[in-house]
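Sequences and hints are given; from them, build the entire structure.
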Amino acid sequence: GIQVEQSPPDLILQEGANSTLRCNFSDSVNNLQWFHQNPWGQLINLFYIPSGTKQNGRLSATTVATERYSLLYISSSQTTDSGVYFCAVENSGGSNYKLTFGKGTLLTVNP
Amino acid sequence: DTGVTQSPTHLIKTRGQQVTLRCSPISGHKSVSWYQQVLGQGPQFIFQYYEKEERGRGNFPDRFSARQFPNYSSELNVNALLLGDSALYLCASSRTGGSPLHFGNGTRLTVT
Chain A
1 GIQVEQSPPD
11 LILQEGANST
21 LRCNFSDSVN
31 NLQWFHQNPW
41 GQLINLFYIP
51 SGTKQNGRLS
61 ATTVATERYS
71 LLYISSSQTT
81 DSGVYFCAVE
91 NSGGSNYKLT
101 FGKGTLLTVN
111 P
Chain B
1 DTGVTQSPTH
11 LIKTRGQQVT
21 LRCSPISGHK
31 SVSWYQQVLG
41 QGPQFIFQYY
51 EKEERGRGNF
61 PDRFSARQFP
71 NYSSELNVNA
81 LLLGDSALYL
91 CASSRTGGSP
101 LHFGNGTRLT
111 VT
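Chains A and B, in that order, give the protein sequences. Be aware that the first sequence starts at 1, since it is given in this note's numbering, and climbs by one per residue. Be aware that the second sequence starts at 1, since it is given in this note's numbering, and climbs by one per residue.
Rather than coming from a laboratory, the hints here were simulated on the basis of the structure. Everything numeric in this text was worked out from a predicted model, so none of it was measured. A portion of the hints provided could be inaccurate.
[To be verified] In the SDA-like style, the derived pairs of lysine to any residue whose C-alpha atoms are separated by at most 20 Å in a straight line are:
| id | chain 1 | residue 1 | chain 2 | residue 2 |
| --- | --- | --- | --- | --- |
| 1 | A | K103 | B | L39 |
| 2 | A | K103 | B | F60 |
| 3 | B | K30 | A | N45 |
| 4 | A | K103 | B | P70 |
| 5 | B | K30 | B | S86 |
| 6 | A | K54 | A | E67 |
| 7 | A | K54 | B | H102 |
| 8 | A | K103 | A | G52 |
| 9 | A | K103 | B | G58 |
| 10 | B | K13 | B | N71 |
| 11 | A | K103 | B | A87 |
| 12 | B | K30 | B | S99 |
| 13 | A | K103 | B | L88 |
| 14 | B | K30 | B | N71 |
| 15 | A | K103 | B | Q44 |
| 16 | B | K52 | B | L39 |
| 17 | A | K54 | A | S76 |
| 18 | A | K103 | B | D62 |
| 19 | A | K103 | B | K30 |
| 20 | A | K103 | A | P8 |
| 21 | A | K103 | B | Q41 |
| 22 | A | K54 | B | G98 |
| 23 | A | K103 | B | H102 |
| 24 | A | K54 | B | P100 |
| 25 | A | K54 | B | K52 |
| 26 | A | K103 | B | N59 |
| 27 | B | K30 | A | Y48 |
| 28 | A | K103 | B | S86 |
Right under this line is the structure:
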């Protein structure tokens, strides 16, 4: 099956800093989503971005499908940005709408 | 709009017992998916239902089953519970099978 690798596995920032999270995938995809899981376990959908660039406030994401990677940018980080960021993909040609998740990036933003 | 709702929020069961978890999707969403998340890992796909039909099944044993009702709500059943079934069970809904997923808060299952 498709492999999803996220880097870095852990990241510690001071409030106000910027960061870039990376997601590499091993095969072509027709669906890529970024999620944030807060310390209480809630998974929030950040972006649906199989290709191109999107922005939502301080967050933006870019997917280069031909090179099989996606980037999530967080600017002016806040303590509420802490949590685990997951990238999830669906393999092109798949028929069961299965999302395969990476292991996540654990982000800690200190005040 | 109300988000995806799951019940119960927490559950403690004994090995060998059976459990039923419930999920109500966002209004207008016809697809429901179930995922299992163990500590320190990303969620793993269990099932996907669309318009009441099973469209996908992950690599889980037959002890796991699910169904979707005419109102698009869904149940996940797990029989003959094992200690290794202890996890956070997440339900997600979407308008169609491939559109953005919206997750509920999950059911935390502990098997003792």
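Hints, verified against the model:
1. Proximity of K103/A to L39/B is assessed by CA-CA distance (about 11 Å); at most 20 Å being required, the pair is judged to hold.
2. Only pairs whose Cα atoms come within 20 Å are accepted, and K103/A paired with F60/B is accepted, the gap being roughly 19 Å.
3. Using a Cα cut-off of 20 Å, the hinted pair K30/B and N45/A holds, with the two alpha carbons roughly 18 Å apart.
4. In summary, the hint linking K103/A to P70/B is not supported, as the alpha carbons are separated by about 35 Å, beyond the 20 Å threshold.
5. The hinted pair formed by K30/B and S86/B fails the criterion: a straight-line CA distance of about 28 Å is larger than 20 Å.
6. Among the hinted pairs, K54/A with E67/A is consistent with the structure: their alpha-carbon atoms are about 18 Å apart, no more than 20 Å.
7. Between K54/A and H102/B, the direct Cα distance comes to roughly 18 Å. Compliance with the 20 Å bound is thereby established for this hinted pair.
8. Restraint check for K103/A and G52/A: not satisfied, since their Cα atoms lie roughly 23 Å apart, outside the 20 Å limit.
9. For the hint pairing K103/A with G58/B, the CA-to-CA distance comes to about 17 Å; that is within 20 Å, so the pair holds.
10. Between K13/B and N71/B the CA atoms are separated by roughly 28 Å; this puts the pair beyond 20 Å, and the hint is violated.
11. A C-alpha spacing of about 16 Å is found between K103/A and A87/B, which places the hinted pair at or below 20 Å, so the restraint holds.
12. For the suggested pair K30/B and S99/B, the alpha carbons sit about 11 Å apart, so the restraint of at most 20 Å is met.
13. For a cut-off of 20 Å, the pair hint linking K103/A to L88/B stands: about 15 Å separates their Cα positions.
14. For the hint linking K30/B to N71/B, the alpha-carbon distance of about 9 Å falls within 20 Å, and the restraint holds.
15. For the hint pairing K103/A with Q44/B, the CA-to-CA distance comes to about 10 Å; that is within 20 Å, so the pair holds.
16. With a CA separation close to 30 Å, the supplied pair K52/B and L39/B exceeds the 20 Å bound.
17. A C-alpha spacing of about 17 Å is found between K54/A and S76/A, which places the hinted pair at or below 20 Å, so the restraint holds.
18. In summary, the hint linking K103/A to D62/B is not supported, as the alpha carbons are separated by about 25 Å, beyond the 20 Å threshold.
19. The hinted pair formed by K103/A and K30/B fails the criterion: a straight-line CA distance of about 28 Å is larger than 20 Å.
20. Simply put, K103/A and P8/A have alpha-carbon atoms about 10 Å apart, close enough for the 20 Å limit, and the pair holds.
21. The straight-line distance between the Cα atoms of K103/A and Q41/B is roughly 5 Å, inside the 20 Å bound, and the hint therefore holds.
22. Using a Cα cut-off of 20 Å, the hinted pair K54/A and G98/B holds, with the two alpha carbons roughly 18 Å apart.
23. For the suggested pair K103/A and H102/B, the alpha carbons sit about 19 Å apart, so the restraint of at most 20 Å is met.
24. About 14 Å separates the Cα atoms of K54/A and P100/B, which keeps this hinted pair within 20 Å; it holds.
25. A distance of roughly 33 Å separates the Cα atoms of K54/A and K52/B; the hinted pair therefore is violated under the 20 Å criterion.
26. For a cut-off of 20 Å, the pair hint linking K103/A to N59/B stands: about 17 Å separates their Cα positions.
27. Straight-line distance between C-alpha atoms of K30/B and Y48/A comes to about 18 Å, which keeps the hinted pair within the 20 Å bound.
28. Of the pairs offered as hints, the one joining K103/A and S86/B holds, with about 18 Å between alpha carbons and a cut-off of 20 Å not exceeded.
Hints 4, 5, 8, 10, 16, 18, 19, 25 from the list above are not met by this structure, while the remaining hints are.
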